[in-house]
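Participant: Position chain X against the provided structure of chain B, taking the given hints into account.
Protein chains in written order, with the working numbering: chain B, 30 to 120; chain X, 3 to 481.
Think of the hints as simulated: they come from the structure by calculation, not from any bench.
Small disclaimer: the values here were computed from a predicted structure and weren't measured.
Some hints could be false.
[Unchecked claim] EDC-like cross-link-like pairs, simulated, lysine to aspartate or glutamate; straight-line CA separation at most 20 Å:
1. K422(X) to E404(X)
2. K68(X) to E79(X)
3. K373(X) to E411(X)
4. K175(X) to E126(X)
5. K138(X) to E39(B)
6. K88(B) to E110(B)
7. K138(X) to E171(X)
8. K68(X) to E83(X)
9. K129(X) to E110(B)
10. K68(X) to D44(X)
11. K213(X) to E126(X)
12. K138(X) to D35(B)
13. K68(X) to D8(X)
14. K213(X) to D35(B)
15. K175(X) to E78(B)
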Amino acid sequence: MTVLLDPTSEQSPTIRPRLPRPERLDGLTVGILDIAKARGDVFLKRLGERLGERGVAFKHFAKPTNTRPAPLPLRQQIATEVDLVIEGLSD
Amino acid sequence: MSVLPDGGLVAVVKRDCPTCVLTVPVLGELAQRASLRVYTQDDPSFPETIPERIDDTGLEISHRLKVEVVPTLIRIENGREIDRTYGWDRNDWERVAGLADLGLGLPQSRPGCGAKNVEPGVIERLKIRFNETGIKSRRIAIGWDEDEQEAMYERGWSDGLPLVPPTEERVLKMLDGTARDPQEVIGLIPPALQPATVEKIAVNAVMAGCKPEYLPVVLAAVEAVLEEGFAMHGVLATTMFVGPVVVVNGPIRRRIGMNAKGNVLGQGNRANAAIGRALQLVIRNVGGGRPQEVDRATLGNPGKYTYCFAEDEEGSCWEPLSVERGVRPGQSAVTVFAGFGLQGMVDQKSRQPESLARSFAESLKAIHNVKLAPSCDALLVICPEHERTFRNAGWSKARLYEELYKLCEIPGEELVAGAKGIAEGGPPSLAGNSVNKFRPGGLMIVRAGGGAGMFSGIIGGWSQGGPRGSIPITREVRN
Numbered sequence: 030m031t032v033l034l035d036p037t038s039e040q041s042p043t044i045r046p047r048l049p050r051p052e053r054l055d056g057l058t059v060g061i062l063d064i065a066k067a068r069g070d071v072f073l074k075r076l077g078e079r080l081g082e083r084g085v086a087f088k089h090f091a092k093p094t095n096t097r098p099a100p101l102p103l104r105q106q107i108a109t110e111v112d113l114v115i116e117g118l119s120d
Numbered sequence: 003m004s005v006l007p008d009g010g011l012v013a014v015v016k017r018d019c020p021t022c023v024l025t026v027p028v029l030g031e032l033a034q035r036a037s038l039r040v041y042t043q044d045d046p047s048f049p050e051t052i053p054e055r056i057d058d059t060g061l062e063i064s065h066r067l068k069v070e071v072v073p074t075l076i077r078i079e080n081g082r083e084i085d086r087t088y089g090w091d092r093n094d095w096e097r098v099a100g101l102a103d104l105g106l107g108l109p110q111s112r113p114g115c116g117a118k119n120v121e122p123g124v125i126e127r128l129k130i131r132f133n134e135t136g137i138k139s140r141r142i143a144i145g146w147d148e149d150e151q152e153a154m155y156e157r158g159w160s161d162g163l164p165l166v167p168p169t170e171e172r173v174l175k176m177l178d179g180t181a182r183d184p185q186e187v188i189g190l191i192p193p194a195l196q197p198a199t200v201e202k203i204a205v206n207a208v209m210a211g212c213k214p215e216y217l218p219v220v221l222a223a224v225e226a227v228l229e230e231g232f233a234m235h236g237v238l239a240t241t242m243f244v245g246p247v248v249v250v251n252g253p254i255r256r257r258i259g260m261n262a263k264g265n266v267l268g269q270g271n272r273a274n275a276a277i278g279r280a281l282q283l284v285i286r287n288v289g290g291g292r293p294q295e296v297d298r299a300t301l302g303n304p305g306k307y308t309y310c311f312a313e314d315e316e317g318s319c320w321e322p323l324s325v326e327r328g329v330r331p332g333q334s335a336v337t338v339f340a341g342f343g344l345q346g347m348v349d350q351k352s353r354q355p356e357s358l359a360r361s362f363a364e365s366l367k368a369i370h371n372v373k374l375a376p377s378c379d380a381l382l383v384i385c386p387e388h389e390r391t392f393r394n395a396g397w398s399k400a401r402l403y404e405e406l407y408k409l410c411e412i413p414g415e416e417l418v419a420g421a422k423g424i425a426e427g428g429p430p431s432l433a434g435n436s437v438n439k440f441r442p443g444g445l446m447i448v449r450a451g452g453g454a455g456m457f458s459g460i461i462g463g464w465s466q467g468g469p470r471g472s473i474p475i476t477r478e479v480r481n
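Bound conformation, chain B alone (with noise of 0.2 Å):
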């Protein structure tokens, strides 16, 4: 294990925040990612229904397998193309 000394002026905790998150959905795209676990994409489908029936956008992604990470131009795309994510993580 590395041990490294703080550049900084250890103003901020070791251990990176989460990004905040939104407080309303207005005028942001939702990324539905699937990660391709069994019955998953059943869960999504509706919850991609749900956020419709409220004027959300929202758009579907699938990961081919939920053995490894997604593929680098599907994080991409998502990064390019949706505000915030939702994934269903594993059963």
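Facilitator: Then chain X, alone, in the frame of chain B:
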């Protein structure tokens, strides 16, 4: 860990030291005539004739005893050191051992060898192991499956390029580059006005790729940009292009191998590159000055990665910039200037200083906009072939300044908004007056660059040049 004896003699030796090998018979005598412990630094089987030898290849005992030279002989009473000697000297050994007639077959004296525990790299690791570094910065553990570079990028420490991981060992070595106290506060770094200790600057200097001997220059550059007159906060926050440009003068340039010649403003020299980068990383990491946050630059300039070079003092007929600005000759110094990019000044035909000065002046008048005056300060980097023309004509630097200021007087009519079909410009009241492109003292001249090519450079400044904005600052380099 081995424990020191309450009393008796302690010797520290290594096989790789001829004097230690020479004293083996004496150690044998001492083992018979007194209580002796022999600690071996390199080869646990040495000395073969001393069965009580103790393996100190981990160097813990050597370090705790602060051994610097082997062989070292120490007398201990009641757990405390009473006397010590190092190397081989019969009288000294007899005194420490309290015994007469030691090593009668040996020469009277022989110098010892450097102890392994104080070798470069080893001493740092021992200090870290025994928590003796005095380093205060927060330790951040990188997971075994985490890539160090990626971890540093994710924490926002990088200017965009890879960094040297600032391990405690590297920072400790970096701090060897200065005699200053690691906890000395150099100043408060804008925009967050956080204290920059020598240690924090050393951490960033490691990341930037500095060698320890560059650190005094980095410290001087940080001191310089923190001077009130430089207005570092404004230089950072402005939407204009500028960042600190660092010019290094004096003997340190050559001692650390800086480039003052071909491609002087370009890539390829470690000291030039790393010193300028270290300054920027200090502002980023200690001060929190990041692009699109407090750094509001519209375009910025490539020099905001690093912008540091040395003046070619040896090749110049003029006094160095630092001397011109009040530093005594032979004293190393840095001068910081809030500058941007590089405007080339091409003149391959002028062989008379008057003609060449006019070329410079006309080019200088174009900085920011031909319609703006007074506009900003400027740093002229005059190449050897251009300097030669002034030298051959006997023009001093003072003479060149004088001529350039004269030539940079602009008729007010040309500067009025709308003149030349350009909406940019000043009020109609300028007409009938003469306006200088530069404030008095707003020009600086250095000589640098390769021997071939009539290509000088103009580094333009901030529109807030002068006391209302940023003025160049010169600081001596201290060790």
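Participant: For every hint, state whether the structure bears it out.
Facilitator: Hints, one by one, checked against the model:
no. : hint               : in the structure
1   : K422(X) to E404(X) : violated, 28 Å
2   : K68(X) to E79(X)   : holds, 17 Å
3   : K373(X) to E411(X) : holds, 13 Å
4   : K175(X) to E126(X) : holds, 7 Å
5   : K138(X) to E39(B)  : holds, 11 Å
6   : K88(B) to E110(B)  : holds, 8 Å
7   : K138(X) to E171(X) : holds, 13 Å
8   : K68(X) to E83(X)   : holds, 12 Å
9   : K129(X) to E110(B) : violated, 52 Å
10  : K68(X) to D44(X)   : holds, 17 Å
11  : K213(X) to E126(X) : holds, 16 Å
12  : K138(X) to D35(B)  : holds, 10 Å
13  : K68(X) to D8(X)    : holds, 18 Å
14  : K213(X) to D35(B)  : holds, 19 Å
15  : K175(X) to E78(B)  : violated, 61 Å
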